[in-house]
Each structure stands twice: as C-alpha cells, then as structure tokens.
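When you get a sec, could you build the whole thing from the sequences and use the hints?
Number of protein chains: 4
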Amino acid sequence: DQPFTLLAGPCAMESREHALDMSGALKEICDRLGINLIYKTSFDKANRTSLSGGRGVGLEKALAVFEDVKKVTGLPVVTDVHEPGQCAEVASVVDVLQIPAFLCRQTDLLVAAAKTGRVVNVKKGQFLAPWDMKNVVAKIVDSGNSNVLVTERGASFGYNTLVTDFRGIPTMAEDTGMPVVFDATHSVQQPGGRGGSTGGQREFVPVLSRAAVAVGVAALFMETHQDPDNAPSDGPNMVPLDQMEALLSRLQQFDRVAKGA
Amino acid sequence: DQPFTLLAGPCAMESREHALDMSGALKEICDRLGINLIYKTSFDKANRTSLSGGRGVGLEKALAVFEDVKKVTGLPVVTDVHEPGQCAEVASVVDVLQIPAFLCRQTDLLVAAAKTGRVVNVKKGQFLAPWDMKNVVAKIVDSGNSNVLVTERGASFGYNTLVTDFRGIPTMAEDTGMPVVFDATHSVQQPGGRGGSTGGQREFVPVLSRAAVAVGVAALFMETHQDPDNAPSDGPNMVPLDQMEALLSRLQQFDRVAKGA
Amino acid sequence: DQPFTLLAGPCAMESREHALDMSGALKEICDRLGINLIYKTSFDKANRTSLSGGRGVGLEKALAVFEDVKKVTGLPVVTDVHEPGQCAEVASVVDVLQIPAFLCRQTDLLVAAAKTGRVVNVKKGQFLAPWDMKNVVAKIVDSGNSNVLVTERGASFGYNTLVTDFRGIPTMAEDTGMPVVFDATHSVQQPGGRGGSTGGQREFVPVLSRAAVAVGVAALFMETHQDPDNAPSDGPNMVPLDQMEALLSRLQQFDRVAKGA
Amino acid sequence: DQPFTLLAGPCAMESREHALDMSGALKEICDRLGINLIYKTSFDKANRTSLSGGRGVGLEKALAVFEDVKKVTGLPVVTDVHEPGQCAEVASVVDVLQIPAFLCRQTDLLVAAAKTGRVVNVKKGQFLAPWDMKNVVAKIVDSGNSNVLVTERGASFGYNTLVTDFRGIPTMAEDTGMPVVFDATHSVQQPGGRGGSTGGQREFVPVLSRAAVAVGVAALFMETHQDPDNAPSDGPNMVPLDQMEALLSRLQQFDRVAKGA
Numbered sequence: 574d575q576p577f578t579l580l581a582g583p584c585a586m587e588s589r590e591h592a593l594d595m596s597g598a599l600k601e602i603c604d605r606l607g608i609n610l611i612y613k614t615s616f617d618k619a620n621r622t623s624l625s626g627g628r629g630v631g632l633e634k635a636l637a638v639f640e641d642v643k644k645v646t647g648l649p650v651v652t653d654v655h656e657p658g659q660c661a662e663v664a665s666v667v668d669v670l671q672i673p674a675f676l677c678r679q680t681d682l683l684v685a686a687a688k689t690g691r692v693v694n695v696k697k698g699q700f701l702a703p704w705d706m707k708n709v710v711a712k713i714v715d716s717g718n719s720n721v722l723v724t725e726r727g728a729s730f731g732y733n734t735l736v737t738d739f740r741g742i743p744t745m746a747e748d749t750g751m752p753v754v755f756d757a758t759h760s761v762q763q764p765g766g767r768g769g770s771t772g773g774q775r776e777f778v779p780v781l782s783r784a785a786v787a788v789g790v791a792a793l794f795m796e797t798h799q800d801p802d803n804a805p806s807d808g809p810n811m812v813p814l815d816q817m818e819a820l821l822s823r824l825q826q827f828d829r830v831a832k833g834a
Numbered sequence: 574d575q576p577f578t579l580l581a582g583p584c585a586m587e588s589r590e591h592a593l594d595m596s597g598a599l600k601e602i603c604d605r606l607g608i609n610l611i612y613k614t615s616f617d618k619a620n621r622t623s624l625s626g627g628r629g630v631g632l633e634k635a636l637a638v639f640e641d642v643k644k645v646t647g648l649p650v651v652t653d654v655h656e657p658g659q660c661a662e663v664a665s666v667v668d669v670l671q672i673p674a675f676l677c678r679q680t681d682l683l684v685a686a687a688k689t690g691r692v693v694n695v696k697k698g699q700f701l702a703p704w705d706m707k708n709v710v711a712k713i714v715d716s717g718n719s720n721v722l723v724t725e726r727g728a729s730f731g732y733n734t735l736v737t738d739f740r741g742i743p744t745m746a747e748d749t750g751m752p753v754v755f756d757a758t759h760s761v762q763q764p765g766g767r768g769g770s771t772g773g774q775r776e777f778v779p780v781l782s783r784a785a786v787a788v789g790v791a792a793l794f795m796e797t798h799q800d801p802d803n804a805p806s807d808g809p810n811m812v813p814l815d816q817m818e819a820l821l822s823r824l825q826q827f828d829r830v831a832k833g834a
Numbered sequence: 574d575q576p577f578t579l580l581a582g583p584c585a586m587e588s589r590e591h592a593l594d595m596s597g598a599l600k601e602i603c604d605r606l607g608i609n610l611i612y613k614t615s616f617d618k619a620n621r622t623s624l625s626g627g628r629g630v631g632l633e634k635a636l637a638v639f640e641d642v643k644k645v646t647g648l649p650v651v652t653d654v655h656e657p658g659q660c661a662e663v664a665s666v667v668d669v670l671q672i673p674a675f676l677c678r679q680t681d682l683l684v685a686a687a688k689t690g691r692v693v694n695v696k697k698g699q700f701l702a703p704w705d706m707k708n709v710v711a712k713i714v715d716s717g718n719s720n721v722l723v724t725e726r727g728a729s730f731g732y733n734t735l736v737t738d739f740r741g742i743p744t745m746a747e748d749t750g751m752p753v754v755f756d757a758t759h760s761v762q763q764p765g766g767r768g769g770s771t772g773g774q775r776e777f778v779p780v781l782s783r784a785a786v787a788v789g790v791a792a793l794f795m796e797t798h799q800d801p802d803n804a805p806s807d808g809p810n811m812v813p814l815d816q817m818e819a820l821l822s823r824l825q826q827f828d829r830v831a832k833g834a
Numbered sequence: 574d575q576p577f578t579l580l581a582g583p584c585a586m587e588s589r590e591h592a593l594d595m596s597g598a599l600k601e602i603c604d605r606l607g608i609n610l611i612y613k614t615s616f617d618k619a620n621r622t623s624l625s626g627g628r629g630v631g632l633e634k635a636l637a638v639f640e641d642v643k644k645v646t647g648l649p650v651v652t653d654v655h656e657p658g659q660c661a662e663v664a665s666v667v668d669v670l671q672i673p674a675f676l677c678r679q680t681d682l683l684v685a686a687a688k689t690g691r692v693v694n695v696k697k698g699q700f701l702a703p704w705d706m707k708n709v710v711a712k713i714v715d716s717g718n719s720n721v722l723v724t725e726r727g728a729s730f731g732y733n734t735l736v737t738d739f740r741g742i743p744t745m746a747e748d749t750g751m752p753v754v755f756d757a758t759h760s761v762q763q764p765g766g767r768g769g770s771t772g773g774q775r776e777f778v779p780v781l782s783r784a785a786v787a788v789g790v791a792a793l794f795m796e797t798h799q800d801p802d803n804a805p806s807d808g809p810n811m812v813p814l815d816q817m818e819a820l821l822s823r824l825q826q827f828d829r830v831a832k833g834a
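Protein chains in written order, with this note's numbering: chain A, 574 to 834; chain B, 574 to 834; chain C, 574 to 834; chain D, 574 to 834.
Read the hints as simulated data drawn from the structure, not as lab findings.
Note that the structure is a prediction, hence the values are computed from the model and not measured.
Mixed in with the good hints, there may be bad ones.
As the list claims (entries may be wrong) - In silico lysine-lysine, DSS-like type, Cα no more than 25 Å apart, as pairs:
#1 K618(A) x K644(D)
#2 K643(B) x K707(B)
#3 K643(D) x K707(A)
#4 K643(D) x K618(D)
#5 K618(A) x K643(A)
#6 K600(C) x K832(C)
#7 K618(A) x K634(A)
#8 K618(B) x K707(C)
#9 K643(D) x K600(D)
#10 K618(C) x K688(C)
#11 K618(D) x K688(A)
#12 K707(D) x K618(A)
#13 K832(C) x K832(D)
#14 K832(A) x K707(B)
#15 K618(C) x K643(C)
#16 K688(C) x K618(B)
#17 K707(B) x K618(C)
#18 K618(B) x K643(B)
#19 K688(B) x K618(C)
#20 K634(B) x K644(B)
Shown next as structure tokens:
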C-alpha cells in the first residue's frame, strides 16, 4: 500500500530540449509533492488516425534523448514499443517497456518485451474484459519476467466512446497479482472520431483519476504538455502542465485515505 | 458542499416489525456517524423478472408502516411509485417519491409525482445518456416542482451487464442543476440474467461507492438487509446490515476530502 | 412459414380523416402485394423526450376512430397501452395490444393486457438480452393468454445509439416459441439525442429490414407517413408512404427465399 | 453487382496435405455452385489467448504450401500479415494480404502491405466505428495502392461479446468506395472468454451471413474445417466443411435477390 507512482510526460517526444524541459518541470513538481515519477514519452506514434498525423522523432534519436533525461534528472523512463524487433534496443536505455492497448494480444511483442528483463507495462485493450488480462500477463510471466504492470485505459462503449469500468481495477489486481495503473488521459479519449483525428475530454481527467485513486491504484498514468492545444498529438486529452501540481496534490489526499487504515 | 445524505433500507418492505427494526438500526448507525438518513423501502416490486417473484405488502399496508417508521424514528422516508394514480396517496405520507429507472420517461408519472409537491428522485434509465436527464428533469420542473434529485444507477453495457460511467455524475449535476445521487447497490446488478431472476455483485458496492464519493455526490443510495441471501428481492446486490457502519465510515473519509478545500 | 405480416401506420393518430386516409392507402398497397396488414397507430405518446412533444388524440377519441378504421377497411388494428387500467377499454375495440419497450417488465401492465384475451405484442426493452424475453412472455402466458408476439427493436449500444443484434431473432423464436416481429423503424432511432427530441436514420430502414426478412421473421413493423418531416412524432425514422410499396415488394422477394425450401 | 466472392479455408494452415485437401474440396464446391473462391488460411496465429495455443507452421513453410495450392488448384490465396517486415515476402506468393482487426490502425503495417501492390483486405477493429474505416483505407490508398477490401467482423458489445451492426456495411461501402467483405465466422466469436481460449457460436454463422448477403456484400469470409471440434484454433466458430455447400447455395439465393433488379 505505497502511495501512487506517477507515469507522466508528453504524448510524443518533440526534441531533446522539450524532453529536458518537461521532465525537469515534472520532477520539480513530484519532488515537492513526494511522488515517485517515471518519465513517459513516445518515440513513435504508430497508430495515428491518419498518415498526415506526425510520427515522432524515431527510435535512434529518442534513445539518445532518453539517456540525457535519465542522466540530467535521474528519473526512470517509460516508452511504448510496437514491434518485437524494437524491444532489445529500447530496453538498453528505457526502464519500463509499454505495450499499447491495440497490441496487448500480440504474442511476439509480449514475449520480446518480457525477455528484455525490463518492467513491462501492458495496457488492457479496449476490446478486452478485465478478467482476460490474466491471459495477457501469463504470456509475459511464462516468458520469464514477472515485473509486470497492467493498465486500465477504458473499454469500447458504442462508437467513438470509451467507458471506464472501475470494477476492473480490483478485478485485474486480484486476477493477475500485478500492480494496476490507471491511465487517466487515454481513458477520456474519443477514439476514431468522425474526422481525421481522435478527440478527447480533458475536463474529465480529474473526475476519473479521483475515482481511480479512491478505488485504489498502484500508479497513475497521465500525459501532460505545456500547451496541449498545440501539441503534436493527443492534445484534446492531455492535462496542461500548469494544472498538474494542483491536480496531483488533490489526488494525494484521496490516495492517503485509500491506503490508510 | 454538504456531507452526503444516505438513502438506505431494505429493497422490499417485509412487515411493520422488520421496517421498524431496519430503520431503527440504520438510524443508530447514522446517528453515530452524523449522516443524514432517509429510510428507503418499496411497497411493490412492479417489474420482477418473473411472476413468481414476490410483489410486496402493497400500498395500503405500506403507508401505515411508513407512518409508524416516521413516528418512531423521526426519519423521512422514500419509496418508488409506478403509476400516476399512486402518487397523491403515497405523497400523503412519504417524503420523497422515487421514479424507477425503466419509467423515467413516462410523462404522466413524472407529472403526477411533480404535482404532489414532494421531492422527486428520478433514476436515470439504463438506456439514457447522462445529458438526456435534463429533458427528464424539465418535465418535473415545468410541472411546478423544482425539488428534484437525479440518480445514477448504471447504463446498459452489452447483455446482462451494467457499467457506471462516472463522467455522468458531474454531467448531470451541471446539466440539471440538481443534486446527484449514486445508487451503489443497483449499479452492481446483473440485470435479466439467464434464469428467472436478476443477479448482482455485492462485492463491488464499496468499490463503486468510493469512486462516486471521490467524484462528488450529494447522496448515496444503498439497499441493505440483515440477511441478504434470504431477502425477498435483490439479495445478490444488497449490503449486509452489519457491514454498513464500517463502509459508511470509510466513505465519509473520502467525502470529507472531496468536499474539503 | 407464412409470408410476413405487416404492422404499419403512422406513429401517432392525428385525426379520423388522417387515419382513414393512411389505413386506406396502406390497405391498397398490401392488397396489391398480397400482404396481411394490421393497421398501427398510437393514441398517446406517453414517453416523449419533452413535455412540449405532442401527446396525441387520447383514448376516447382514438377508440371511435379505430372502430371506423376497422369498419371502413376491414383491417385489424394494433395500438400501445401504457397503464393496466387502459387495457380492458382498449381491448374492446383494438385487436392487438402492444407493450412499449420501456414497459416490457411492468408486471401489472403485462398481466392486464394478457387478461383481455387479445393478442399481446411485447417489445423487447433496449436494456434486455434476447434470452430474457422468455421471462416476459411467461408473465403473459401464465396469466392465461398464449397469443403473444415478441418484437425486436434494438439494444442500447453506448449513448444515443441502438444496435440490432440479429442473433436475437432466432434466439427469441426458439426461447419463447412465439412469432417474432422486427420493428424496422424504431430500430433506427437515435434515442434521447442531445436536444429535446429523438433522432433517427430513415435511410437504414431498408437495410435492417432486408436483414431481418432474410434471417426470418413472422412480421414486420414499420411506421410510415405521407410527410414524415412534418409528422407530429418519429418523423426522422418513419418511411415516406410513397416509398412503402417498392420497399415491401423488395422485402417479399427475400421473404420468399427465406421461407422457401 | 457481381455475385459474392468467397474467402474460405481453415483458420490455421496445418500441413501441405491438409491445405491441398481443404483447398481442393472447397474448389469443387465452388465450381459446382459457380462461386469465385479465394483460399484463406493463416501461417501464424499471432494473437492467441494463451502461449499454449499453437502458432502454426510459420512463414517459410507456409509460402511453399501456398505455392503448391496455387499450382494444384489454380486458386488465388489470402493470408494475414502481422509485421511490416513480412509483407514483401508474403506478397511474393500470396494474392491478398489481410490486416488483422487488432492491427488495423498500425500505420507501418498498412503502408508495407500497400507497397507490395497486392490486394489488401483490412478488417475493421472491434473498437472502430464503420465511418472510421475511411481513415484506415486512406493510409493504404495514399501509399499508392487502391486495391483494398474492407471487412466487417463485429464490434465490441460489453464484455466477451461482439455484435454485428449491419448499418456498417453500406456505410463502409459508401465512405470508402471499396468492396465490403462480411466475415461470418469471426463475427460469432466470443472474444477473450473466461478461460484460456476464445469461444464462438457456430450456429449463428448462417443467420448473420444471410443478413449480410441480403444487405449486400461483395464477398463473404468463412473459416471452415473438416472437423472443427478438433481444429488447432477457432474450432467453436468454424463451419464444418460438409455443411458448406448447402449453406453457400442458400446464400446464393439471397444474393441473387440482393443483386437483382
């Protein structure tokens, strides 16, 4: 019953400077609040709605930036992998390998991530029931790696809508025996959407994250940006950086009650 | 930002003695905890899965019992109405008239309940979006009664399953301007079911009610029974009476954080 | 394996003249095509989205019109009932009593409709699984009436959307042993909607009715109007009267294949 | 408005002999019925529920078998690809590259498949709305390949359940301008399931495929096996080979009506 850890950062890595700025700013906030932080950012947006959506800086460049972030801030870092062939290289620098929700049943990817020995954070597919995650986790554990996190990020609910079923948090914790993460910013996405990009409802991030912390989670995942409306991806659902400290401080209050007596 | 009020009691009225026992026990608990209590129980289960499911004591007998409960305990009482013709008579004794979820769009029932001048608690249908409740509330308000509560009790999610979308709580609060109640025990029902009765997942009542209180609600609705497994209805989802005090006390801790600062 | 029967007419009864016009026009079409027709129209729209939505001509006036329609056209008629107290009176004239989907679990209404001895057409609630309809039908049969029809009209799918699960048609036929009706116009409703009324997708009526007839149904239910865009209710999902003959003729082709060899 | 093409074969390639047996048997059936056949089978089951589920014969061995099937039967063949790096090699033999539903938004895979110049059949994700497929198709077309098929295979509907929304077939046809395929056997899957494998409802394949053909599709996709209950994967939803001819013959009758006048 440790206080929640935070996985946070901008959706997409933009540049070395931006990564150092963001990770530095987040570290300061978390140091003030006493929160364990893992810096999150993606080197490739592999499933954008459209070809015209930017892809990111790429693996080579990103690994160098991750090394700098780790050196400068001392923070561990997490990023997502999309193909089995990327896992070993990413794991040479990155502390936590994240399996995207759409890919949570791709056996080769799970096994390759597992075999790096790094922590694997696997997101529950929008098409999966909470009790199905034990099969996903078993693929990783049976590959020799029991450092697994499972992340709730919403389930398909009709078209272009996700819903968070909070019964899933204790269900996954019990079924898998692994720490459960709540992804507060992807859970408010409006996937697909009618146009060429995905929508989001940033205003519900505090609502759902309060619920998650009260139910009891090991970690929160939140994407944040100093200027979400001009971010290269996921702007509609990222939390503005200047609102993070107040939000986290509020969530800590609920966490203390949840983890208390 | 008052502390939450509690609407609680057994699903079905069983007898004068049982009603006095239950209301007395709940009053003691709520007095110790400093919670405002409205005693809830139904005089008729009008939409049982099967004809063989018991219906309850009936309106005449129930009103006499409600009068006794009010006299002995001093508690206000709430019960559900099913036909327009019942409203005036029920309102002669009962403080809060509740509109069942399946009936939340029946205009005549809403208008008849409104015209009694009593508080009307209308449950959101399992088939309605949170933003559609403003139309339901408008039928009551436009009939001259603005003492309205709106209750979240889950939305249809595939077959035989409900899901609680916690975004609905602030959405309904903002859209309707009315206090929002979270019905923690019907939200864990498994409606219909394959057999001749409705199932439930009592173990998730604490989970969902923690989430609701953290998000922020004006009231909680919870059915309880001294022996749920032998109750005439809704046993699978009612909270055992001897677990209520610990549960409520825990929820008060989250409520204080939610309503604080 | 008889050819499909048609339940059709305007959503709301508008006037004696309109009812005679519509029933006469539909009778001509069905006579030409050799389709058994039951004339459908409602005397009361009891669950409009808003109070400002018109309610209809009322029971008294409607029964006189139904008598005229029966006398002039020779057609049997079907209408929906909303309260137990209406059933006997409606049954004095109307051949088929219809239970609205929202009310399909209201025991008193089902029993009162059953006791009239008239055919009872009960619509599956948007919140019910196909296999749960056997419990609904049992309430009618156990009340002494085995002339029951069950109608598919869509299931809740996220917010403001219905989906038709065509597996439900054979499931209900097998589970209940009763003829299954497909309601092609309410299945394309967009319930609730963000504004003060319900939307619809008239363009999908031919799509879903082709699917239903190919799967195999005993009857089709379709609301139609000479000028849907100016109809008092359900305009967005009604079929224009002047498109009915071509649509029905096409559906007969599929029906012959479905009912053949 | 050509008659429907059939994509059919066993879920998993089992051996050279089995592939020749199955493709030969299917070719005979389709020759008798006058149906264009594309032989389908998978060389790798990349997203099995559990590690213990067999993976298949692998790419190398499969390509040799596909060559034999093509030489012996003269049939074109279709198989699914899971990683960008597989596409060129697969395309050296296989006529139609299929993108699995879970992977339908993986840009690199779509682009790599597109660049082979082969026909690309992309399955709609269980988490996507029909109108979102235009973005998926655009990734392929904008990569220089306009030989695209889009396949409906069900949408998430609560947990462990798919539902087919037949409005999606004309919606995808209109939005993308591409031929639409209905996958009749995966649409009756019960994904995930509570245990270590996926369930299915084989009995609904004729129901849903009749509906699809009546609505109007360019092609049907159906997995079949001479002994589904002992097949290495997808047994619960495959059609027994000895039932295929009667089923297809029946579907042709509906197809002729759908494509007629």
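Checked hints:
Restraint check: the Cα-Cα separation between K618(A) and K644(D) comes to about 41 Å, which exceeds 25 Å; the hinted pair is violated. Of the pairs offered as hints, the one joining K643(B) and K707(B) is violated, with about 32 Å between alpha carbons and a cut-off of 25 Å exceeded. With a CA separation close to 41 Å, the supplied pair K643(D) and K707(A) exceeds the 25 Å bound. With a C-alpha separation of about 22 Å, the suggested pairing of K643(D) with K618(D) holds against the 25 Å cut-off.
Proximity of K618(A) to K643(A) is assessed by CA-CA distance (about 22 Å); at most 25 Å being required, the pair is judged to hold. As the CA atoms of K600(C) and K832(C) are separated by approximately 23 Å, the hinted pair is consistent with the 25 Å bound. For the hint pairing K618(A) with K634(A), the CA-to-CA distance comes to about 14 Å; that is within 25 Å, so the pair holds. A C-alpha spacing of about 19 Å is found between K618(B) and K707(C), which places the hinted pair at or below 25 Å, so the restraint holds.
For the proposed pair K643(D) and K600(D), the alpha carbon gap of about 11 Å is at most 25 Å, so the pair holds. Simply put, K618(C) and K688(C) have alpha-carbon atoms about 23 Å apart, close enough for the 25 Å limit, and the pair holds. At roughly 20 Å between alpha-carbon atoms, K618(D) and K688(A) fall within 25 Å of each other, so this suggested pair holds. For the given pair, K707(D) sits about 19 Å from K618(A) by alpha-carbon distance, which is consistent with the 25 Å threshold.
A threshold of 25 Å between alpha carbons decides the hint, and for K832(C) with K832(D) the separation of about 19 Å falls inside it, so the pair holds. A hinted pair counts as satisfied when its Cα atoms are at most 25 Å apart, and K832(A) with K707(B) does not qualify at roughly 37 Å. The suggested pairing of K618(C) with K643(C) holds, with an alpha-carbon distance near 22 Å, which does not exceed 25 Å. Under the criterion of a C-alpha separation no larger than 25 Å, the hint pairing K688(C) with K618(B) is consistent with the structure, at around 20 Å.
Under the criterion of a C-alpha separation no larger than 25 Å, the hint pairing K707(B) with K618(C) is consistent with the structure, at around 19 Å. Restraint check for K618(B) and K643(B): satisfied, since their Cα atoms lie roughly 22 Å apart, inside the 25 Å limit. Between K688(B) and K618(C) the CA atoms are separated by roughly 20 Å; this keeps the pair inside 25 Å, and the hint holds. For the hint pairing K634(B) with K644(B), the CA-to-CA distance comes to about 16 Å; that is within 25 Å, so the pair holds.
Going through the hint list in order, the structure does not satisfy hints 1, 2, 3 and 14.
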